[in-house]
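Undergrad: These protein sequence lines are chains A and B, in that order.
Under the UniProt record's numbering, the first residue of the first sequence carries the number 1, and numbering increases by one thereafter.
Under the UniProt record's numbering, the first residue of the second sequence carries the number 1, and numbering increases by one thereafter.
FYI, nobody ran anything at the bench for these hints, they're computed from the structure.
Note that beta-carbon positions come from the ideal geometry of N, C-alpha and C, so glycine has one too.
Careful: at least some of the hints might be erroneous.
Per label pair, the in silico range of CB-to-CB distance [what the hints assert, rightly or not]:
1. Leu458(B) / Thr86(A): 35 to 43 Å
2. Glu225(B) / Ala249(A): 36 to 44 Å
3. Thr86(A) / Lys124(B): 21 to 29 Å
4. Leu113(A) / Leu376(B): 45 to 53 Å
5. Val237(B) / Gly333(A): 30 to 38 Å
In silico DSSO-like cross-links for lysine-lysine, where the CA-CA straight-line distance does not exceed 30 Å [said to hold, decoys possible]:
6. Lys293(B) / Lys252(A)
7. Lys248(A) / Lys351(B)
8. Lys154(A) / Lys119(A)
9. Lys277(B) / Lys157(B)
10. Lys64(A) / Lys119(A)
11. Lys248(A) / Lys450(B)
12. Lys124(A) / Lys58(A)
13. Lys124(A) / Lys248(A)
14. Lys58(A) / Lys102(B)
15. Lys346(A) / Lys450(B)
16. Lys102(B) / Lys157(B)
17. Lys102(B) / Lys124(B)
18. Lys58(A) / Lys252(A)
19. Lys204(B) / Lys64(A)
20. Lys319(B) / Lys293(B)
21. Lys204(B) / Lys319(B)
22. Lys64(A) / Lys300(A)
23. Lys319(B) / Lys28(B)
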Amino acid sequence: MAGSSEAEKPFDIVATYNDLLRTDPDLTMPIAAIEALVLLLTHSPSSTISETLDLLEKSTAHLKNSIPNPIGLSAGTDLFQRYLITTLQRPGQLGPAGDFNAIRAHLLSNGRLFVRRAKESRDKIAAFGRGFVRDGSTILTNGGSRVVASLLHKAAAEKGGLSAVRFRVIYVLSSAKGDVENPSAEPEGMETVRMLRESGVPVATIPPSAVAYSIGKADTVIVGAEGVVENGGIVSRMGTYQIGLLAKAMGKPFYVVAESHKFVRVYPLGQYDLPIEQRVIEFRTQEDIAEAEKQRLAAKSSDVPAKPSSEYDCEVVDYTPPHLISALITDSGVLTPSAVSEELIKIWF
Amino acid sequence: MSAPADKKPAADPAAEKVSGAELKKKAKAEKAARRARERADREATGGTPGPKDGAGKKGAGAGGAAGGKDAGAGGQKGQRQQQRRGSTQGGPEAKKRPVENKNVAVFGHLYGQPRRTSVAGAGKEVHPAVLALGLQMRDYVVCGSSARCVATLLAFKRVIEAYTTPLGTSLSRHLTTHLSHQISYLSTCRPLSISQGNAIRALKLEIASIDPSVPEAEAKAALSEFIDSFIREKITVADQVIAGSAAQKIQDGDVIVTYAGSSLVKQTLLAAAREGKRFRVSVIDSRPLFEGKHMARALVAAGLDVQYTLVHGISHAIKDATKVFLGAHAMTSNGRLYSRVGTALVAMSAKERAGGVEVPVIVCCETVKFTDRVALDSIVVNELADADELVEVQAPQQLTGLPDPAAAAAAAAAAEQETKKGGKANQTAHSAQSAATEFPSNASPLANWKETPNLQLLNIMYDVTPAQYVDMVVTEMGSLPPSAVPVVHRMSTNM
Numbered sequence: 001m002a003g004s005s006e007a008e009k010p011f012d013i014v015a016t017y018n019d020l021l022r023t024d025p026d027l028t029m030p031i032a033a034i035e036a037l038v039l040l041l042t043h044s045p046s047s048t049i050s051e052t053l054d055l056l057e058k059s060t061a062h063l064k065n066s067i068p069n070p071i072g073l074s075a076g077t078d079l080f081q082r083y084l085i086t087t088l089q090r091p092g093q094l095g096p097a098g099d100f101n102a103i104r105a106h107l108l109s110n111g112r113l114f115v116r117r118a119k120e121s122r123d124k125i126a127a128f129g130r131g132f133v134r135d136g137s138t139i140l141t142n143g144g145s146r147v148v149a150s151l152l153h154k155a156a157a158e159k160g161g162l163s164a165v166r167f168r169v170i171y172v173l174s175s176a177k178g179d180v181e182n183p184s185a186e187p188e189g190m191e192t193v194r195m196l197r198e199s200g201v202p203v204a205t206i207p208p209s210a211v212a213y214s215i216g217k218a219d220t221v222i223v224g225a226e227g228v229v230e231n232g233g234i235v236s237r238m239g240t241y242q243i244g245l246l247a248k249a250m251g252k253p254f255y256v257v258a259e260s261h262k263f264v265r266v267y268p269l270g271q272y273d274l275p276i277e278q279r280v281i282e283f284r285t286q287e288d289i290a291e292a293e294k295q296r297l298a299a300k301s302s303d304v305p306a307k308p309s310s311e312y313d314c315e316v317v318d319y320t321p322p323h324l325i326s327a328l329i330t331d332s333g334v335l336t337p338s339a340v341s342e343e344l345i346k347i348w349f
Numbered sequence: 001m002s003a004p005a006d007k008k009p010a011a012d013p014a015a016e017k018v019s020g021a022e023l024k025k026k027a028k029a030e031k032a033a034r035r036a037r038e039r040a041d042r043e044a045t046g047g048t049p050g051p052k053d054g055a056g057k058k059g060a061g062a063g064g065a066a067g068g069k070d071a072g073a074g075g076q077k078g079q080r081q082q083q084r085r086g087s088t089q090g091g092p093e094a095k096k097r098p099v100e101n102k103n104v105a106v107f108g109h110l111y112g113q114p115r116r117t118s119v120a121g122a123g124k125e126v127h128p129a130v131l132a133l134g135l136q137m138r139d140y141v142v143c144g145s146s147a148r149c150v151a152t153l154l155a156f157k158r159v160i161e162a163y164t165t166p167l168g169t170s171l172s173r174h175l176t177t178h179l180s181h182q183i184s185y186l187s188t189c190r191p192l193s194i195s196q197g198n199a200i201r202a203l204k205l206e207i208a209s210i211d212p213s214v215p216e217a218e219a220k221a222a223l224s225e226f227i228d229s230f231i232r233e234k235i236t237v238a239d240q241v242i243a244g245s246a247a248q249k250i251q252d253g254d255v256i257v258t259y260a261g262s263s264l265v266k267q268t269l270l271a272a273a274r275e276g277k278r279f280r281v282s283v284i285d286s287r288p289l290f291e292g293k294h295m296a297r298a299l300v301a302a303g304l305d306v307q308y309t310l311v312h313g314i315s316h317a318i319k320d321a322t323k324v325f326l327g328a329h330a331m332t333s334n335g336r337l338y339s340r341v342g343t344a345l346v347a348m349s350a351k352e353r354a355g356g357v358e359v360p361v362i363v364c365c366e367t368v369k370f371t372d373r374v375a376l377d378s379i380v381v382n383e384l385a386d387a388d389e390l391v392e393v394q395a396p397q398q399l400t401g402l403p404d405p406a407a408a409a410a411a412a413a414a415a416e417q418e419t420k421k422g423g424k425a426n427q428t429a430h431s432a433q434s435a436a437t438e439f440p441s442n443a444s445p446l447a448n449w450k451e452t453p454n455l456q457l458l459n460i461m462y463d464v465t466p467a468q469y470v471d472m473v474v475t476e477m478g479s480l481p482p483s484a485v486p487v488v489h490r491m492s493t494n495m
C-alpha cells in the first residue's frame, strides 16, 4: 500500500481532470473537478486533517491556474472544500476528535455519492423543466448544454416519441469557423440537433446573427449555463447575453437550466468583471497582423503548436445579468434569480 | 452694521422664549414623573418586601418613563393647537407674528420633541459618560451609524462597570431598566440609529440571559467581554473584511464616485490605494454637514487623486465615473438603502447616466445595519435635524459687488444728519440702508427665515434608494444582491 502510493505520488490533477472530461461526455466541469479531487484524496498519503486541507487547497489553485476558464470548475472545488470543512467541524466520530482514517473513508464514500447524485440531477431538472415546454410551442436555444439537451429529449419522449410532434426548436449554432485546425469541424450542439430530429422534433438551425430575426417566432428561450453567479446571473457560452437582451426586448420568457452544483461564489458587476482573462476584443492594425503572422510562421518552423484565435468561439463566455432571466430551472426547484443568493448563503453558512 | 444688528435681537428672543418655555414645561413634566415614581417606589417597598420589590420598581420605572413621554407629547399638542388658533384668527397681521407653523406639512409626523439642548433635566440615573455622548451625538461630534454604535456600546460598558445591583433585585432584571434610562436619554439627544438599536437589542438579550445566581462582578466582566467582542466582530473586523473584499472590485484606471463621508468607503478606498491600485476618486458632498470633506482630506493624504464637488455638480461628476461606492445607514428588508440624504440621487444618476454603460453601484454595509423594517419611501421613516443648521453658513469673502456694512452704517449716520436738510438726501439714505438690510454680507439670506411668511426650511437627514439602483451590497458575510438582505439579516440575528 505504501509502495503504491509512493509510486503514484506525482499525481497530476490537471491531467486527471482533463481525462475525466474527455472519457465521460456526460460529465460537467464542476463534477469533473470534484471527481478529480476525490481521486487525489485516494492517492494522497496525507494523514492529518490540516495536511489534507492544505493539499486540497494547493491542488485546487493549481487546477484553476492551468485551465483557461475556471469559473465552472471553481463551483465544484469550492463546494467540495466547503463540504469537507463542514464534515470535519461536525461533532462526533467524524469530527476533529475522531479517527482520521475513518474520516477519510467517509469523505471518499461521500464524495463518490456526491458525484453520482450530481449526475442524477440532470434527470431531476428535466422533470422540473418539462412543464416549461408547452404543446405547440417553439423553443429557442443555443450552445451545447447537456442539461438543455436532456430536458428537450425528455420533453420529446414525453409527447409520444416519433409520432406526435408537439414542439419545435430553433437552435442557434455558432459557426465552427474559429477552429483553424479543422475548418470542417461540426459546430457545438449539432449532436443535440440530430438527436432531436431523430425523435421527431422539427429543428431549425440558425446562425447567431439571425437571433433577432427569428426570436419573434419563438415562444420561450431556454439556455444552459456554465456557472450561476451570486446575484442570480449566469456565466454562459458567448452569445447568451445577446439572446437574453433580445428576449427581454421582445418580451419572451428566458429560462436558464442549470444544476445547483454550478452555483458559484463569483459576483461579476458586468461583462468585463469576470475573474478570467478573455481576448475577445482585440484592436489591431495591419502591422500587428503582419507581426503576428511572422511569429506564427516562426513558431510553426520550430514545431511549437500555436493556437492563435482558436480559443475564441469554443471557450469564451459572457455574463447574463439577473434582470434578463425569468427563472432558473435547477435540481432544487425552479428559482427566481434572487433566490440563488439565498441558496448560496445556505450552502456557505 | 446697525441694520442687521437691529434685526437679530428681534429674531432671537422669540426663539429663546419658545425654547425656554418648552424647557420649563419639560422639566415640570419630568419632575412630576419622578415624583410619581418615588411615590410608587415608597408604596412598593412599604407594601411588599423581598423579591417582589424589584418587580415593583421596574414597573414603576417604566411607567414613569412613559408618563414623561406622554407629558411631553401633551405639551406639544397644546402648542400646536395654539398655533392653529392663531392662524385661523389672524388675517394678514397674524402672519407677521412668529406663530406661523414652520413645520413642513408632509413631514409633520417627524417633528417630535426638539433635540435636547443641554443636560438639564436628565435623570440622575444617567451616567456622565452617556450624558457627554448624548451631547456629542447631538452636535455631530460623534456622527455616522457605526461610530455612534461603537460609542454607545463603549459608554454602556462604563455604565455597566459603574453599576451596582440595588438590594433585593437581580442584575439580569434591573440592569435592563437602568440601561433604558440611558437609552431614552440618548434618544432625546438624537434619534437612535438602526445599528444602535440592533446593538442595544443584542446587549439586552445578553443581559437577560445571565443566570441570576452568577456573582455580580463575574456577570459584569462577562458583559464587558460581550460588548468588546460585539464591537470587534460586528464592526471592527467586519469593516476590515468588507474593505478588503470591496477593494478587490477596484481596478486600475477606475474613477470612483462616492457620496458624503462613509468611514467604511474611506477604509475601502484606502485599502485599494495601499494595494497599489491607480484610480481617481470623486467625492460628492452636500450641506450642511460636509461629511465628504473628511473623506477627501484622508484620501488626499493617502496620495490619491481626489475631486471634490457638492451635489449640484453630480451630473458633471458622474460623467466619467466607472463605479459608485456608497455607505449605508441601514439596509431595509426590501433591499432598499437608507442612507444620508442625497445618496439616492447619486445612485440614480449613476444608473440612468445618458449614453453610456451602466455604472455599478456598490454599497458597503455591515450586517449590524440590516433591519427587518421595510421602507417604501423616505417620508414615513426619517429623521429631521434642526432647520437652523441650513442657515448657518460662513459667507465667502466678498471682494466686489455688495456694499460694505461699515460704509453703509456710516452712510446711514451721515444721512440721519442730513435728514433735516432735504428730502433728496433722505431718499438716498433709505436706499443705502435697504441695500444693507437686503444683503447683509456676513449673514445668510435665510437668517430670519422664521419671520419670513410662507417660508419653511426642511433639514431632512436620510433618503431611501430603491433596490434596483443598487447592484451589490458588500458585507462581512460576502457580497450579496440587495434582495438577499432579509436572508442574511435572519441568519445573523439567529446566530
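Undergrad: Each of the hints needs a verdict: does it hold here or not?
TA: Outcome of the hint check:
1. Leu458(B) / Thr86(A): 35 to 43 Å: At 52 Å between Cβs, range violated.
2. Glu225(B) / Ala249(A): 36 to 44 Å: violated (58 Å)
3. Thr86(A) / Lys124(B): 21 to 29 Å: violated (53 Å)
4. Leu113(A) / Leu376(B): 45 to 53 Å: holds (47 Å)
5. Val237(B) / Gly333(A): 30 to 38 Å: Distance hint for valine 237(B), glycine 333(A) holds at roughly 36 Å.
6. Lys293(B) / Lys252(A): violated (49 Å)
7. Lys248(A) / Lys351(B): holds (18 Å)
8. Lys154(A) / Lys119(A): holds (16 Å)
9. Lys277(B) / Lys157(B): Violated - the C-alpha atoms of lysine 157(B) and lysine 277(B) are around 40 Å apart, more than 30 Å.
10. Lys64(A) / Lys119(A): holds (22 Å)
11. Lys248(A) / Lys450(B): violated (53 Å)
12. Lys124(A) / Lys58(A): violated (34 Å)
13. Lys124(A) / Lys248(A): This hinted pair holds, its Cα atoms lying about 27 Å apart.
14. Lys58(A) / Lys102(B): violated (67 Å)
15. Lys346(A) / Lys450(B): violated (56 Å)
16. Lys102(B) / Lys157(B): violated (40 Å)
17. Lys102(B) / Lys124(B): Given pair lysine 102(B), lysine 124(B) is violated - Cα atoms ~34 Å apart, limit 30 Å.
18. Lys58(A) / Lys252(A): Status violated; Cα separation ~45 Å.
19. Lys204(B) / Lys64(A): violated (47 Å)
20. Lys319(B) / Lys293(B): Status holds; Cα separation ~21 Å.
21. Lys204(B) / Lys319(B): Violated, at about 48 Å.
22. Lys64(A) / Lys300(A): Holds. Lysine 64(A) to lysine 300(A) sits at ~29 Å (cutoff 30 Å).
23. Lys319(B) / Lys28(B): Given that 30 Å is the threshold and the Cα spacing comes to 57 Å, the pair is violated.
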